[in-house]
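Each chain is listed here by its residues.
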Amino acid sequence: MSLALLLEQLLNGLQLGVMLFLMAAGLTLIFGVMGLINLAHGSLYMIGAFACASVAAATGSFWIGLIASLAAAAAAGALLEVAVIRRLYDRDHLDQVLATFALILILSEGTRWLFGSFPLYLDIPPVLQGAVPLPGGGQYQLYRLAIIGVGVLVAIGLYWLIARTRLGMRIRAGESDREMIGALGVDISTLYTVVFALGAALAGFAGALVGALQSVQVGMGEPVLILAFVVIVIGGIGSIKGALVGAILVGVVDTMGRFLLPQLLALMLPAAQAGMAGAALASMLIYIVMALILALRPNGLFTARA
Amino acid sequence: MNAAMSSREIFANMLIVALFLAIPLGAVLLDEPFHLTLATRIAVLALAATGLNIALGLGGLVSFGHAAFFGLGGYTAGIIASHALNVEPLALGLPATQSMPVIALVAVAVAALVALPIGAISLRTSGVYFIMITLAFAQMIYFFAVSWPAYGGEDGLPMTLRNAFPGVNTSKPLPFFLVCLAVLAVALLLFWLIRGSRFGAALQAGRQNPTRLAAVGISPFGIRLAAFVISAMVAALAGVLFANLSRFASPSMLSWQMSGELIVLIVLGGKDRLLGPLAGAMLYVFFEYMLGGLTERWQFFLGLILLGVVLFARGGLLGLLAGRPRHG
Chain A
1 MSLALLLEQL
11 LNGLQLGVML
21 FLMAAGLTLI
31 FGVMGLINLA
41 HGSLYMIGAF
51 ACASVAAATG
61 SFWIGLIASL
71 AAAAAAGALL
81 EVAVIRRLYD
91 RDHLDQVLAT
101 FALILILSEG
111 TRWLFGSFPL
121 YLDIPPVLQG
131 AVPLPGGGQY
141 QLYRLAIIGV
151 GVLVAIGLYW
161 LIARTRLGMR
171 IRAGESDREM
181 IGALGVDIST
191 LYTVVFALGA
201 ALAGFAGALV
211 GALQSVQVGM
221 GEPVLILAFV
231 VIVIGGIGSI
241 KGALVGAILV
251 GVVDTMGRFL
261 LPQLLALMLP
271 AAQAGMAGAA
281 LASMLIYIVM
291 ALILALRPNG
301 LFTARA
Chain B
1001 MNAAMSSREI
1011 FANMLIVALF
1021 LAIPLGAVLL
1031 DEPFHLTLAT
1041 RIAVLALAAT
1051 GLNIALGLGG
1061 LVSFGHAAFF
1071 GLGGYTAGII
1081 ASHALNVEPL
1091 ALGLPATQSM
1101 PVIALVAVAV
1111 AALVALPIGA
1121 ISLRTSGVYF
1131 IMITLAFAQM
1141 IYFFAVSWPA
1151 YGGEDGLPMT
1161 LRNAFPGVNT
1171 SKPLPFFLVC
1181 LAVLAVALLL
1191 FWLIRGSRFG
1201 AALQAGRQNP
1211 TRLAAVGISP
1221 FGIRLAAFVI
1231 SAMVAALAGV
1241 LFANLSRFAS
1251 PSMLSWQMSG
1261 ELIVLIVLGG
1271 KDRLLGPLAG
1281 AMLYVFFEYM
1291 LGGLTERWQF
1301 FLGLILLGVV
1311 LFARGGLLGL
1321 LAGRPRHG
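Sequences listed follow chains A and B, in order. Per this note's numbering, the very first residue in the first sequence carries number 1; after that it's consecutive. Per this note's numbering, the very first residue in the second sequence carries number 1001; after that it's consecutive.
Hints in this document: simulated from the structure, not taken from any laboratory. We put the beta carbon where it would ideally sit given N, CA and C, even for glycine. Careful: at least some of the hints might be erroneous.
What the hints assert, rightly or not - Anything over 12 Å on all C-beta distances counts as not near chain B; from chain A, calculated:
(1) E8
(2) L39
(3) V127
(4) Y143
(5) I156
(6) L167
(7) S176
(8) E179
(9) T190
(10) R297
Stated by the list, open to error - Here are a few chain A residues that sit away from chain B, every Cβ distance over 10 Å (derived from the structure):
(11) V97
(12) I104
(13) D123
Unchecked claim - Partial chain A-side listing against chain B, Cβ under 8 Å, derived:
(14) A99
(15) G110
(16) V289
(17) I293
(18) A295
Could you put the whole structure together from the sequences, leaning on the hints where they help?
The following block contains the structure:
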């Protein structure tokens, strides 16, 4: 096992973590502010990817596609919020789970209706094609590095938005006391729509970025959604900082587990068995980590509110 | 707690049972074995949802991971049967068997052993955390099943023969349906007994007001854990029958969509009602086949219907038929 390979896997883990952060930030914000558990967040990720792939195919430009993904996911988010989601804020979590589960069925089948069952493909933009040399002799895809960079920028931007702007102040106020900020004259239903659309845009953006790495297809959102749930549960629901830490943790643990566990087990077991057991164990690893963290801290690492 | 049912609710329950029993009866009279299979599917799904209803309906524990126990039941049946077919002993040299009662016992025991630690960890949390952690545990088992190639991995595990039941030819649709019906009836009786018992009263009190429950000196944790484990055991039993019905233990039995569907069944029918899961399973299978026959995109319309039920008809089918629940 060379240093370059280890570094490459570490960067892959970081890239996965950054993607998960984009998903988890929206989920945790929506839960923190509106108290809503949104299973349809994965569908917004899918919508972003489809918008990017189809607009990029039509215009020939990845960048226009990327803008389209943000616009489409934000618009879909705002529409969903106004039509369905706002009726769920006062309901219990069971109703929220069911209604957003129903939205997944509707949005997945609707997308299949519009785009067919065949996956779409999205090319990496020419500027970001190619590889970067790694210390130790390896090479790393430039595009994946760019994703990590973009993710870090978004994290900083989100921090700035929440800590430094008027909108962020209202979001924070909404998290701590939603009745009070309504009483102070803030139009709370518009604020909720904006927060939901913002979360949706982040999810759509993540979908578009990942769309260039894998095929764009119906159902692509749900595996990421479940990982994002693990992230926010580990981080503490409602906490953006928790989402960031949780996302990096999950991304790196998952990637490194898949890489290292089979090799580790090979020291003890025959090769074939080690590969099998290692792969099985690695696919369960993040859930084991989550269970351990929750067993010790039932409200996650960073508790935003009781 | 177990106050007498209103006459309207009794009527609604009788209607559900009559409608349900009309399906196999019609199938036998008209000699349409396919509808018997549908009725069996309804009975098995209703059984799984009745299991979940012990935790969700009575205890208010929204488990988004009951597919894990359903699938464990299915895989237990598939694994033991495949060993028996190939005359290979199981782990620890135990002999494999084709006997359904023995397999069901093993499946229920396995589910209890798995549900105990999962429940003990998950019940330390509540609300959204509980929903997500149960989901995560189910995903863990799902990924294990998919990545462990010995028992089919992603392809699942076909069962060549249905398990044997003493005195019953399970490979024929009618006897197999009757077995499933009997198990469902026992599970519904269990639900009814639990709801009326002291344990059930404490469980429901824990859902409605945990602080008050603690104030009378009962800790909700042990009661909830017991309900969670019992609920998982019933779901595993349903999994055994489901794998037998389709002659296939598929990873999709363990998937998060399955967990979602089980919740959907309960809410479509009416949460916290004895026959809610049965009503829900009937509606679900009805939609699946009616809409599925009309359009390939039936899930789109199922989504719309489900959304409508959650937003506008909160009591589900039984709520529409029987009026407001007696308590809740």
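Checklist entry - Closest CB-CB distance from L167 of chain A to chain B, is it above 12 Å? => result 25 Å, holds
Next on the checklist: Given V289 of chain A as an interface hint, is its Cβ closer than 8 Å to any Cβ of chain B?
Outcome noted: 10 Å, violated
Item to check | chain B contact restraint for A99 of chain A - C-beta distance below 8 Å | outcome: 4 Å, holds
Item to check | 12 Å cut-off, C-beta based - T190 of chain A kept clear of every residue in chain B | outcome: 22 Å, holds
Item to check | Given hint G110 of chain A near chain B, where the shortest CB pair must fall under 8 Å | outcome: 6 Å, holds
Checklist entry - Is it the case that I104 of chain A keeps its Cβ farther than 10 Å from each residue Cβ in chain B? => result It is violated; I104 of chain A is separated from chain B by about 7 Å at its closest Cβ, not greater than 10 Å.
Checklist entry - So is I156 of chain A really clear of chain B, every C-beta pair being over 12 Å apart? => result Holds: least Cβ distance 27 Å, greater than 12 Å.
Checklist entry - Hey, does V127 of chain A actually stay past 12 Å from chain B on C-beta? => result Non-interface label on V127 of chain A holds, nearest chain B Cβ at 36 Å vs cutoff 12 Å.
Item to check | Given hint A295 of chain A near chain B, where the shortest CB pair must fall under 8 Å | outcome: Hint holds; A295 of chain A Cβ to chain B Cβ min 5 Å, cut 8 Å.
Checklist entry - When you look at the beta carbon of L39 of chain A, is every beta carbon of chain B farther off than 12 Å? => result With a cut-off of 12 Å, L39 of chain A comes too close to chain B, as the shortest Cβ separation is near 8 Å.
Checklist entry - Minimum Cβ separation between D123 of chain A and chain B greater than 10 Å? => result The claim holds: D123 of chain A sits with its nearest Cβ about 29 Å from chain B, beyond 10 Å.
Checklist entry - Does Y143 of chain A really sit off the interface, with its C-beta more than 12 Å from all C-beta atoms of chain B? => result 27 Å, holds
In summary, the numbered hints that this structure violates are 2, 10, 11, 12, 16 and 17.
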